[in-house]
Structures are given as structure tokens and as C-alpha cells.
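Asker: The lines below spell out each chain.
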Amino acid sequence: MERKNLKFNGSFLNNNRAYLFLIIVLFAGIFRNNFFTAFNINSVTGNGSLVMWLGLGFTICLIAGHMDLTVQYVSTLAALMCLGLHSRQGLPWLVCILIATCMGVLVGLINGFLVTKLKIHSFIATLGMQFVLRGVMYMYSPEEQSIGRDYSANEALNGSLIPGLPFSLYFLITTLVIVIVMVFMRNTRTGRNIYMVGGNLETAWLAGVKSNQVTTIAFVLSSASCALGGALNGIYSGAANISMGEKGIAPLMIALTATIIGGTDIAGGHGSVLNTYISLVAVAFLRALFKKTEMQVLVIAIILIACICYETIAQYRKSKVLGTRPNLHLEYLKEIGRG
Amino acid sequence: MSEQINNNPNPAKVDSRKTEINRGIILFNKLGIWVIVVALVILGVIIAMANGSSFFGASNVQSILEAVALQGMVCSGLIYVVYAGNMNDMSIPLTMAMAGMMTVQSINLGFPIALAIGVLSGVCIGLINGFMIGKLKANPIIWTWGFNLLLSGIIRVVWGGKQLYADSVAADTEYAQNAANSFYAISRTYIGGVISLMAIVMLVMFVISWFIHSKTSFGQKLKLVGTSYEAARFSGINCTRVVTMSYVLCSTAAAVGGIFYAALRKTASYENGTGYDFACLTCVLLGGTLLGGGQGSVVGTLGGVLAYGILNNILSWVGLGTYTKYAVQGVVFLAIVWINTYSERKLGKG
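Quick mapping for you: the protein sequence lines, in order, are chains L and E.
Counting from 1, one number per residue, gives the positions in the first sequence under the working numbering.
Counting from 1, one number per residue, gives the positions in the second sequence under the working numbering.
Be careful, since some hints might not be right.
Heads up, simulated DSSO-like pairs for lysine-lysine below, C-alpha to C-alpha not over 30 Å straight-line [to be verified]:
(1) Lys-320(L) to Lys-137(E)
(2) Lys-119(L) to Lys-221(E)
(3) Lys-137(E) to Lys-119(L)
Think of the hints as simulated: they come from the structure by calculation, not from any bench.
With the hints as constraints, model all of the structure from the sequences given.
Answerer: Shown next, in the form of C-alpha cells:
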């Protein structure tokens, strides 16, 4: 792989703004008491892990050029199923997690079928599925709206793998899976095809990519990872209810925010799972920085809006330049030495 | 197509694909949602008869109309955004909440002025959305969703996450208390003792919406912009203004809905209007409006709103709970959208 020589300029900062965001948040943490204690880091990363799974799923789908609105509900349903199967049917934890993940795969297949075969717009198809999943969720846990508390496997996920390392096992599993998915997206044929389909569906199809299959794989990956994350989160927190992970903002919204901050192209075909992950870690620490939920919402919203505005204005200025002389944009880039 | 077949060197290979269009699809495409409304009404009559009660009883009609009134108000504006090809205005929930908050906060100035301020806040939100999407061409979904979060943050920080009550915000003067009382009354007035004021307002808004959509030059321009943005731009239409206008209309309608919502709930908080973005999009799509823009009608949207309300009503007749309804609604929604997409594709429009 060829290495471009790094230049510390605006473009570099913009491409790595997730890391910048994390550094700023960690720097701000110095001024707070008890921020860098092992307990705080452990709980912050552990509690923020659910959204990391959602961000993973959302990013994969957005790279493939589709929106997956079901991520939040798939994870909640998986958590309910996992705990429910353990407490009602008495199955071992691994089987519970497996069944919940299979449910995620099924939802992903249905999403893929709706989008590729029935040709419903992904936004609408997943919106409908979201209603269906919500209904199934309420059917599965009627009345009490939460499945019985079960802390038997809680210790295992909460505990640290290596003594002295302030990360819970749950967070480490999350990180591991995200690294695996990142390698998959970058270095395998299917992963590259997902990028290709997201970039231009027609061209990918003409180039011989089975675009329907690849789109379905993206949906299945997204839903399966969300289901796995949800099931693990249910075990981690020992309880699951309908509004799991909802602390002031819907988890879906945070996943979207982090995906945008991580630099994933809204139109698809460009982006990185790792950047989303980094910005989700930053968001998790940001939420620990502010006591009040109101301030958290405002700060996260301002960062999101700033990112959207920056990209929109950059796109607008580029479109102003592009129409006038065909290669003026490239000429300009060559002139400043970035050709 | 026929020339290609004639020039085919191998006469055994004849294009056997059907070229004529199924008549049922054409009929469905023309009538659209009203077929489903009639079918649902018939179904409702049967189920109500089985339960030993009347579907067209005053109380049932009243409950259907009241249930859909708020959604109908929002939908009468949302259709413009969908029609212009911008998919959905995700900032509807917080536009509604913001309008409610502003109205309640300024209730001391008198009832008409408070109403005007509430609607004006909606217009401002619409202008910002329109500027970003019409002028700077931001992604409509992402921008309005992000703006929704920003508004939520602003409302929560400014009012400290509290709920506002009109009678406690109002000063102790008689004037302010009267204003608060008339604010509460707008959602509880029944004209002729049967039809609520909300339903009347919804119908009036639909009539205005229909007039703007089909009788004004803005409506005609909107049709062209929705069908093909580039073609509209090259034929000299100010697309920026049309898109901005569509967002202003949408946010204004949402603000009116939000004021009625706040009056109905007796409180104004940032949670007002949660879920209205998706519910209203459901209604608009049920009404036959294409997500890509350029097709749909206000009359169809009214049908979509009614179908949504009647479906909910029937599901409660059957005895499903509020939450179990979600699953049925989702399946029905997917099925109807699929039929819609399929018929459009067969007609070569989708």
C-alpha cells in the first residue's frame, strides 16, 4: 500500500476529525475530578458499548448507500429475547446469544429482501420493519415491559480480562468485533463490493458485482451485529426493557451522529467503521463530562450540526466551481499541491 | 421495440414480455388509497356489527376524527416536502414542541398574539430548513434530523427540561388567565356537539393545501421541481424558492399541529410530537405520494390520513392493545407501499 506523505492542514484535520474530537474530549476531562479513574473509564466505555454496535450497523448500511432505521429496535429485541430465553426457557447463555443473533440475521434478510427484490426505498422499508419490530417487542414482553433481572453472567462481562486494564470484557469484545469488521470491509472482496455498490449501484452492477446480494449482505451484517451487541448488552446490564439505552437521546440518533462525525459519506461509498467507533468512544466520554442530560444533547447536536454544515458548505462551494470550467477544481488542487 | 424484434436474425427468439398494462393496476393507480379507505370502512362496519355496535355512531366517528386530526394537520403541510422530492421533514416533532413552548411562554401577551408567535416560530424553522436544503443543498434527511436534535437541545437547555403549563405561566391578571383558558379550550370545542374544532381545522387546512397545490403557480412549479429538479431549473424556475417555500409550508402546518397538541395535553414540553415524523410520513405515503417526489395529491393524502385512523379504530375494535397495533400497522404499511411501488414500476413511473 502506498503511503501518502502526511501534511498537517485543514483537509487532514477534517479527515481525522473523529480522533480530534476524542482528543478534545479527553483533554477536557483533565479539568474534571475523578474523570480518569479506572472505575469511571470502565463504566463509561461499558455503558457506551451498545451504541457502538448500533453505529457499526448503521455505518455499514450507509456505506452501502442505504439507511437502516431498525438498528435500535433489533438490538432491544435481541436483549429481550436473550434474557427471556434464559429466564423463561432456562437455556444456557451461549445458545441464547446465538438465537438472538439468528433473529438479527433474519431481520437483515427481510430488510434486504424488501429493498432489493420489492424495490422499496430503504428508508421506508426499514421504517415499516421498525414498526413491526416494536410490535413484536411489546408482544414478547407484555405488561411489565421488562424481562426479569438476571445478574448471573453479569460478572463475567463486567470483569476485566487483564487485571489493571480499566476496560470491561464487553467493551473489549466490542472493540475486537469492530476491528474484525473493519478488516473485512477493507481487505475482502465482499467488503470492497459493499463500498462499490454504495458508490454507484449501476456501475457496480455493470462491473459484474451481484449488487442485490451485496446489499443484502450489508443489511444482514448490520442487523446481526446489532442483535449480537444488544444481547451482550442485556447480559452486561443484567436487565432489558423496551427503552434500552435511551438516556435522553434515542440510541439511533447517537449512531447517526457518530456516523456523520466519523466522516461517512451520506450518499454512500465512502467511510470507515473505525472512525465511527472512535467518535462513539468520544461521545461516551463526552456524556460523562456533563452531568445534565440537557447539556449533553445540546453539545452533541452542535457538533453534529457543525459537521453537516461544514460538509454542505464545502459541497456547495465545490459545485460553484465545478460548473464553470471542467477541470478548474483539479487545477486548483494541483496549484496548492494536493493534486 | 417492435423494430428490434423484426431485425432479429433468429426468428425463433421472439420477445415474449408483456407490453400491455394490467387494467387493475391502472385502476388502483388512479383511485389509490380511497379503495383501501372504502374497504376498511366496510371491514369496520362488519366488525362493529359483530360487536353489536354501530361503526357510524356519533361517538365512533368523533373518536376517529379526533385521533387523526393532529396527524392530518401536519400531513397537509408535509405533502409539499415529500412532493418536492426531499423525502421527509424529520424536524417535525421538535417543530411541534417548539410551537407549543413558544405559545405557552407568550400566553401573557394575549391569546391571538401567542398563537401568532407559535406559528411564527414554525415559519422561522421552515426558513432555516429551506435555506440549508434549498440553497446549500444539504442532505434533507440528515439535516432535518440533526436540526431536530439541535432544537431538542436548545429547548431542553433554555427551559431546563421542564414542562410548561399555560395556567401557571400566565400572570394573575384576568386577561392572561382568560388567554390560558381559551388556549386550553381550542382542543376541546365541539361544533354542534359532535365534530371537534380540531377536525374542522384539519379539513380547512386540507382545503387550503389543495388550493395551493393545484390552483396556484407555486403548486405548478412544485410539480415540475418534484418531477425533475434539473429540468425545472433549466426552464427558468427558481428552484431554491420553491423548495424553501415547501419547507415553510410544512413547518407552519406542523406548528399549528403542535399548538393544538399542547392544548390537548395541557402541557408543553420537548417530548410533544414524538413519533409524528414517521407517523405522518406513513400517512402521506399511504396517500400515494411517491418518495422520490413528483407524484401524489392532497386528496390522496387526506385518504391516507383517514385510512390510518380507520385502521387504528378497527384494530381497537378487534381488541389489540396500543403496542400490538404497531406490528399490524407495520405489515399493512409495507404491503401498501409495496403495491404502490409495484404499480408505479409497472406503469413505468417509479
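Asker: Take the hints in turn and mark each one as holding or not.
Answerer: Consistency of the hints with the structure:
Distance check on the hinted pair: Lys-320(L) and Lys-137(E) sit about 12 Å apart at the alpha-carbon level, within 30 Å; holds. For a cut-off of 30 Å, the pair hint linking Lys-119(L) to Lys-221(E) stands: about 28 Å separates their Cα positions. In summary, the hint linking Lys-137(E) to Lys-119(L) is supported, as the alpha carbons are separated by about 26 Å, within the 30 Å threshold.
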